[in-house]
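K.L.:
Sequence:
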Amino acid sequence: MAQKVSKKIANAIEYVFRNADSRTIGVNIYNLVFVNQNQLSEQAMLLKEHYINSGKLLSLLDIIANGYEIEETPEEKVLGLYERATCLKTIEPYRSIRK
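Each residue of the sequence shown is one higher than the one before, starting from 89 at the first, in our numbering.
Just so you know, these hints were derived from the structure itself, not from any lab.
Please note that a few of the clues may not be correct.
Just the calculated beta-carbon pair ranges, DEER-fashion [unchecked claim]: (1) LYS165 to MET133: 23 to 33 Å; (2) ARG172 to ILE152: 26 to 36 Å; (3) TYR156 to VAL115: 14 to 24 Å.
Where is the CB? At the ideal position from N, CA and C, for every residue including glycine.
Let's have the full structure, built from the sequences with the hints guiding it.
P.N.:
So, in C-alpha coordinates, the structure goes:
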(Lines of atoms letter the chains of each structure in order from A and count residues from 1; the text may use other names and numbers.)
(Lines give C-alpha, C1' and ligand atoms only; values in the text may rest on other atoms or scores of the structure.)
Protein backbone atom coordinates (compact mmCIF):
# COMPACT_ATOMS: atom_id res chain seq x y z
CA MET A 1 0.00 0.00 0.00
CA ALA A 2 1.32 3.41 -0.95
CA GLN A 3 2.22 5.90 1.75
CA LYS A 4 0.11 9.01 2.17
CA VAL A 5 1.84 12.37 1.86
CA SER A 6 0.68 15.97 2.00
CA LYS A 7 0.21 17.95 -1.20
CA LYS A 8 3.25 20.04 -0.33
CA ILE A 9 5.47 16.95 -0.05
CA ALA A 10 3.93 15.43 -3.21
CA ASN A 11 4.75 18.60 -5.15
CA ALA A 12 8.33 18.51 -3.87
CA ILE A 13 8.72 14.84 -4.84
CA GLU A 14 7.38 15.56 -8.32
CA TYR A 15 9.71 18.54 -8.73
CA VAL A 16 12.85 16.71 -7.58
CA PHE A 17 12.21 13.27 -9.12
CA ARG A 18 9.94 13.87 -12.14
CA ASN A 19 11.02 12.17 -15.35
CA ALA A 20 14.12 10.84 -13.64
CA ASP A 21 15.83 7.64 -14.70
CA SER A 22 17.55 5.41 -12.13
CA ARG A 23 20.88 7.25 -12.42
CA THR A 24 19.28 10.66 -11.94
CA ILE A 25 17.26 9.38 -8.97
CA GLY A 26 20.51 8.17 -7.40
CA VAL A 27 22.16 11.55 -7.96
CA ASN A 28 19.16 13.37 -6.50
CA ILE A 29 19.16 11.17 -3.40
CA TYR A 30 22.92 11.69 -3.01
CA ASN A 31 22.36 15.45 -3.21
CA LEU A 32 19.60 15.30 -0.60
CA VAL A 33 21.86 13.40 1.79
CA PHE A 34 25.24 15.05 1.26
CA VAL A 35 24.81 18.51 -0.28
CA ASN A 36 24.52 21.55 1.96
CA GLN A 37 20.94 22.79 2.29
CA ASN A 38 21.89 26.24 1.02
CA GLN A 39 22.76 24.72 -2.37
CA LEU A 40 19.43 22.87 -2.82
CA SER A 41 16.20 24.08 -4.37
CA GLU A 42 13.33 24.94 -2.05
CA GLN A 43 11.58 21.65 -2.85
CA ALA A 44 14.75 19.61 -2.27
CA MET A 45 15.29 21.41 1.05
CA LEU A 46 11.75 20.46 2.08
CA LEU A 47 12.43 16.79 1.28
CA LYS A 48 15.77 16.91 3.07
CA GLU A 49 14.18 18.36 6.20
CA HIS A 50 11.19 16.02 6.13
CA TYR A 51 12.93 12.74 5.25
CA ILE A 52 16.71 12.95 5.57
CA ASN A 53 17.16 15.11 8.68
CA SER A 54 14.42 13.23 10.52
CA GLY A 55 15.91 9.81 9.72
CA LYS A 56 13.21 8.69 7.27
CA LEU A 57 15.40 8.02 4.23
CA LEU A 58 13.95 4.52 3.80
CA SER A 59 10.46 6.02 3.75
CA LEU A 60 11.49 8.34 0.91
CA LEU A 61 13.04 5.44 -1.00
CA ASP A 62 9.81 3.45 -0.56
CA ILE A 63 7.82 6.38 -1.96
CA ILE A 64 10.12 6.68 -4.96
CA ALA A 65 9.93 2.94 -5.66
CA ASN A 66 6.26 2.27 -4.90
CA GLY A 67 4.50 5.61 -5.32
CA TYR A 68 2.33 7.54 -2.90
CA GLU A 69 -1.17 8.80 -2.25
CA ILE A 70 -1.95 12.44 -1.55
CA GLU A 71 -3.74 13.06 1.74
CA GLU A 72 -7.03 14.90 1.61
CA THR A 73 -7.07 18.24 3.35
CA PRO A 74 -9.80 18.77 5.96
CA GLU A 75 -11.60 21.02 3.48
CA GLU A 76 -11.53 18.31 0.80
CA LYS A 77 -12.92 15.77 3.28
CA VAL A 78 -15.84 18.06 4.17
CA LEU A 79 -16.47 18.80 0.48
CA GLY A 80 -16.50 15.05 -0.27
CA LEU A 81 -19.01 14.43 2.51
CA TYR A 82 -21.19 17.26 1.21
CA GLU A 83 -21.04 15.97 -2.36
CA ARG A 84 -21.98 12.44 -1.27
CA ALA A 85 -24.83 13.78 0.86
CA THR A 86 -26.26 15.90 -1.97
CA CYS A 87 -25.86 12.99 -4.38
CA LEU A 88 -27.82 10.74 -2.01
CA LYS A 89 -30.59 13.34 -1.76
CA THR A 90 -31.07 13.23 -5.51
CA ILE A 91 -30.92 9.42 -5.66
CA GLU A 92 -33.14 8.59 -2.66
CA PRO A 93 -36.44 10.03 -4.03
CA TYR A 94 -36.11 7.83 -7.12
CA ARG A 95 -35.56 4.74 -5.00
CA SER A 96 -38.74 5.41 -3.03
CA ILE A 97 -40.76 5.72 -6.26
CA ARG A 98 -39.64 2.29 -7.45
CA LYS A 99 -41.02 0.52 -4.37
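K.L.:
So, for every hint listed, does it hold in this structure?
P.N.:
Checked hints:
no., hint, result
1, LYS165 to MET133: 23 to 33 Å, "holds (29 Å)"
2, ARG172 to ILE152: 26 to 36 Å, "holds (33 Å)"
3, TYR156 to VAL115: 14 to 24 Å, "holds (21 Å)"
Checked against the numbered hints above, the structure violates none of them.
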